[in-house]
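Now for the letters of each chain:
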Amino acid sequence: MGSFLLVTIQVDLYDRLALNLETDLIRMVSETDARGVLIDISAVGLVDSFMGRILNNIATMSRIMDAETVVVGMQPAVAITLVELGLTLAGVHTALNVERGMELLHKRLGSDVREGGRFYGNSE
Amino acid sequence: MSGKGGGFMVTLSKDIIEITREQDVVTLRNRVKELAVKIGMSLLGQTKLITAASELVRNMLRYAGGGKVTLEVVLRDKVTGVQLTFADEGPGIADIRLAMQDGYSTGKSLGLGLPGTKRLVNEFSIQSEVGKGTTITVIRWKNGL
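For the protein sequence lines, the chains are A and B, in the order given.
Position one of the first sequence corresponds to residue 1 (this note's numbering), numbered consecutively onward.
Position one of the second sequence corresponds to residue 1 (this note's numbering), numbered consecutively onward.
Chain B extracted, bound-state conformation:
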């Protein structure tokens, strides 16, 4: 539990998927969709969340060779949401501020594209340490814009 955003957050269900190869991207997308459908998220909300998950898991495979994704259904202030945590033990990001700038490594390359991904979710947090790895947590609420 945490006290962010005024209310306590409760985890209603939790599941972990190991990511080691590119086929795992499809498995993850399907699991995220299941959870989003289960809590009654709109089609647009589902599409945004699954796309964000797809971007983040690709980064994980590309830069860290894989990692772990924790999928949770969470409840805060009587609203349900899907929280996804992408944890890897890759090289880490030296300058997070730079990586979060629009136009940094996006477009045609298979770049990080973190600012775009952030726009697809309601909450986005990133922790990274060079040589240790990166952890990115995102939440999309059932009724999120």
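Chain A with its partners taken away, still in its complex shape:
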């Protein structure tokens, strides 16, 4: 996966678990020098305001650590519910699935990588 971190959420997260994910993930970004974070939520049946805030936090913190976050695989019912609830996930990139998420990250990091010359992983 090169310099991308892939996180798959398989269970319904309760608060402490979600907060642990936040800190673990940010630590991993720092330890692995990741430039991109993919969060696969295709197995998640519910995103409430708390989970939404966690996803926003991860994206914001990753950006500060110089990494981009893409949330992938959101179920249609979850997306509709989020909008009605009033959550926009404004700071988070989304993609339909992992492949599309990878494409998005490559596209977003492509020019950046060449300019900065800081692409450590195996590129495509």
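Check each hint, because a few of them may be wrong.
To be verified - Computed cross-link-like contacts, SDA-like style, restricted to lysine to any residue with a CA-CA straight-line distance of at most 25 angstroms:
#, chain 1, residue 1, chain 2, residue 2
1, B, K14, B, V26
2, B, K33, A, A79
3, B, K38, A, Q75
4, B, K33, A, A43
5, B, K33, A, D40
6, B, K33, B, N122
7, B, K33, A, L17
8, B, K38, A, N20
Hint data in this document are derived by calculation from the structure and do not stem from the laboratory.
In this text, all values refer to a predicted model and were calculated from it rather than measured experimentally.
Fit chain B to the given chain A structure using the hints.
Chain B alone, transformed into the frame defined by chain A:
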């Protein structure tokens, strides 16, 4: 029974869950899902109801330290639905009208978010008294939009 909405409402099943810690949020979500599936609610309907329940139970834990949730399968005008009643003995809400306004304490904070929650259910009622507590009742009908 009550006569709201033209017909009488009958309770077909009733269950109470005590909420004292954050893990209870997951228990409640699972119980709500079971009931929604049992009455044949669509996946979208289930998702909206469970999300609303999740928001309300978080508020209860955050502002009142817990409370009781009553889960009922109800029948009115030949339509079944899931009714959830969240009762706490917390500080209460001083200005319900303000709390029900869009944009009041929503977004990034763990705020009340009541207007958003209201949009996820078909019926929503709130009673609150400062110093006594808050009771919120929601219903999602099997075929509700």
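Query raised in the report: If you draw a straight line from the CA of B:K33 to the CA of A:D40, is it 25 angstroms or shorter?
Result: holds, 22 angstroms
Query raised in the report: Is the hinted pair B:K33 and B:N122 satisfied, with a Cα-Cα distance of at most 25 angstroms?
Result: With Cα atoms ~17 angstroms apart, B:K33 and B:N122 stay inside 25 angstroms; holds.
Report task. Mind checking the alpha carbons of B:K33 and A:A43 for me, to see if they're no more than 25 angstroms apart? Result -> Holds, because 16 angstroms separates the two Cα atoms, which is no more than 25 angstroms.
Query raised in the report: Hey, B:K38 versus A:N20, does the alpha-carbon distance stay inside 25 angstroms?
Result: violated, 34 angstroms
Query raised in the report: Is the straight-line distance between the alpha-carbon of B:K33 and that of A:A79 25 angstroms or less?
Result: holds, 18 angstroms
Query raised in the report: Is it true that the CA of B:K33 sits at most 25 angstroms from the CA of A:L17?
Result: This hinted pair holds, its Cα atoms lying about 21 angstroms apart.
Query raised in the report: Does the alpha-carbon distance linking B:K38 and A:Q75 stay inside the 25 angstroms limit?
Result: holds, 21 angstroms
Requested in this report: Measure nothing beyond the straight line between the CA atoms of B:K14 and B:V26; if it is 25 angstroms or shorter, mark the hint as holding.
Outcome: holds, 19 angstroms
Hint check: a violation occurs at hint 8 only; the rest are consistent with the structure.
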